[in-house]
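Please put together the full structure from these sequences, using the hints given.
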Amino acid sequence: MSIHIPDSLLLSVQKPARYIGGEVNTIHKDLSSIDTHFCFCFPDVYDVGMCHLGLQLLYHEINRYEGVYCERSFAPWPDMEEAMRKHQIPLYSLETFTPLKEFDFVGFTLQYEMSYTNILNMLDLAGIPLYSHERTDDDPLVIAGGPNAYNPEPLADFIDLFYMGEGEVEYEHLFKEYAAHKKSGKSRREFLKLAAQIPGMYVPALYDVFYEEEPAEGCLHTPRIQKIVPNQPGVPEKVSKVMVSDMDSASYPTHPIIPYLQIVHDRAVMEIFRGCIRGCRFCQAGMIYRPVRMKSRECILQWVNETLKATGYDEISLTSLSSNDYPGLYDLLREIHHTYPHVNVSLPSLRVDAFSLQLMEELAQGKKSGLTFAAEAGTQRLRDVINKGITEEEILSGVKLAFEGKWDRVKLYFMLGLPTETEEDIEGIADLAGKIVSQWHNIPKENRSRDLRVTVSTSFFVPKPFTPFQWCAQTEYQSYMDKQQFLNSKIYNKKIQYHCHDAFLSTLEGLLARGDRRTGRLIYAAWKHGCRFDSWSDLFKEEAWRAAIEETGTELSYYCYRERKEDEVFPWDHIDVGVTKQFLYREYQNGLQGKVTPNCRQHCSGCGVRTLADSGVCYEVKAE
Amino acid sequence: MKKQLVFYKGGRLKFVGHLDLMRTLQRAITRAAIPLAYSQGFNPHPQMSFASPLALGWTGEQEVMEIKLEQEMADDAVMNQLNAQLPEGLNIIRCRTIEEGAPSVMAQVQAALYRIVFPSEERTSWPALIDDYMRQESILLQKMGKVRGRKQRVEVDVKPLIFDWQLEDAQTLLLLCACGSEQNLKPDLLVHALYQQMGREELKFEEQITRLELFGKSEFGYQSLSHPGEI
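Chains as they are written, first to last, in numbering that gives the first Met the number 0: chain A, 0 to 623; chain B, 0 to 230.
Derived from the structure by calculation, the hints contain no laboratory data.
Treat each hint with caution, since some may be false.
[As the list claims (entries may be wrong)] With a cut-off of at most 16 Å between alpha-carbon atoms, the simulated EDC-like pairs for lysine to aspartate or glutamate come out as follows:
hint, chain 1, residue 1, chain 2, residue 2
1, B, Lys-216, B, Glu-181
2, B, Lys-185, B, Glu-136
3, A, Lys-410, A, Asp-450
4, B, Lys-67, B, Asp-19
5, A, Lys-14, B, Asp-75
6, A, Lys-100, A, Asp-78
7, B, Lys-203, A, Asp-78
8, B, Lys-203, A, Asp-6
9, A, Lys-594, A, Asp-383
The following block contains the structure:
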């Protein structure tokens, strides 16, 4: 069945192009030749979801499989949701306007915690029962993947099947099993048992959670987890992530879908490597995407060429974590720039030094954009605690060069509430910004730009699973706000602007990030109270979340404010991302002692991923 | 060299706004390897201009745009290569080379012919309603305008902007009215005013508006921009 959306309805909502599909480079297949119909769902609005490389990657990867058709769906904006509910239009896919309920699989990508209520809302709009145990053989299988899937437990009641790892690897296998299962006519539960045998697949219903008898220390009624174990034979005790071993032979979406609508990042994207060698202790991406795996220069150049030809974009972004760690980055950029002079090349994270400044000047053709430093902490001591390998000297010499090159805008990013943080560290943020202004004053007037603007932005540190800081207590809401106030009082210079915001969202993010199977009730209650699009500040309903916390008896003292002991059983302990718990704990202790850990290219610190990986930086010859 | 392109925009492309349409066409031109010229200067932008933006939700049967090319290219090649890159709902109908120095399409356009289809509703006699409405001495519309530099609602008589009209059938109005930078009448304003007079306050967007053709003016009268030479 194909849904028809009346023109009059589309004209009554903002940006109707979000809901029409039919963009250039979308894939069309004959539905009668399909065994497996998959709908990739992004739990945010179209304009945000379409910027996501993972969507383009999986869409084109899955559509290469014979007998499988991957379509897309996004969270409708509240005006469209209202119109759809009023006219009883169920959530549909953008390629064939098929209701989601008629798909074999509905797959959500979990990119950030504050999108969880949108998942429930999308299921509800689709008419699919929210709870996994309420679904019947007539309902689609609901699968979820992406970085947040590594702690699947808060969503365990709603998702039938989690995919742990990189999407290119096991979907084909899963769909083959599914096609065979469909012919067999067996029940959905039978299929889920079968799926649990496939590498990377986690079926939460096949695992039971046991709790201790007494509440955790300092908590009223929430006991710690004792263990999470399979509830039947043949189900693996631990689920290991799956990953691409050779980036050059993995597929790449060189014909990405080109939205009509101007989206948040409206440009071509080229991934140059996956993973990060740095090991910053607060960073989840730096741990879960290990090990670093490079794409060859030849491969990148060829794919850039194909992508630009297939899209007509005039901007391309080379993406990765920590771009500077790509060997031969500057030559690569120069070559792209010279081959396509009309195309703007951008990098999301470039370290500032003489080289990169010269390069930025070349790339921007005289335009001076702002410089960005993610210093993360205000003192060297705290930067050592978090293993952020950037020094004050590097920043100051970087800005000096930049000011001499007439750059006049500097953005600085920091986190408040990091472990071991003192007032001195917070003051250090203001000091560093002040020193940057002094650098500018020290340059003779004729050699610098006329004015300077330094922007300091702080976010609140949120401990995440699979990081060395997963044992840490999260800073309490009031304390977050006090720290922010304290920093604000230390910034007097008129050239420095301070951006700050409310901390409640960070508290919630921490709660969901380290939540467990009991947290599902909270997400459900919040959704019932009307929460959706929680990451949009104008749609965020603080009171509704507070009411849901109250109603479900969720103890922030348990989930957020409690420092975990070494023997804590985490809700995600049965998931294996390669990096071991022992390594993470060692790194936690190193951090508390301010000991810096070298990066993966300098020295292998034995994080454990080498046993899971068969390629990447773990197998490169070290320079030492 | 300059090319004038006549194109159709309809189907689902109705819901793509003018700025998004410009980007869509620019990218299609790049993919089609048509050597689009860029302006000189600090912020080069593609040399592409439109006779008149088409509002979101309307179909355009014969919209007109001009592009400037860096190198010579045959009209057929431009049309065929570009059509191969365009999504369903957008296609080039004609392409011709125009002389340098000719006034831009944007400056030429003076009038547009619209077809407005009203929703079929029982107990609504559109012909009589439309007839009465259009035959008024003056047709007053509320629109946003400036009075002494301040933006506010103003009432204007749009009767002089309506050059001709006729009922094509019981619920279809053909309307020839002013279009362009000098004076412009948006036909949806007229439709909504008519609704209001009928006592329907809420906008339902149920009418279908198609812009059939754009016209310039010469000593002989209105002249189609998409069919030069015809009057």
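Consistency of the hints with the structure:
| no. | hint | result |
| --- | --- | --- |
| 1 | Lys-216(B) <-> Glu-181(B) | holds (13 Å) |
| 2 | Lys-185(B) <-> Glu-136(B) | violated (19 Å) |
| 3 | Lys-410(A) <-> Asp-450(A) | holds (15 Å) |
| 4 | Lys-67(B) <-> Asp-19(B) | violated (20 Å) |
| 5 | Lys-14(A) <-> Asp-75(B) | violated (35 Å) |
| 6 | Lys-100(A) <-> Asp-78(A) | violated (22 Å) |
| 7 | Lys-203(B) <-> Asp-78(A) | holds (15 Å) |
| 8 | Lys-203(B) <-> Asp-6(A) | holds (10 Å) |
| 9 | Lys-594(A) <-> Asp-383(A) | holds (6 Å) |
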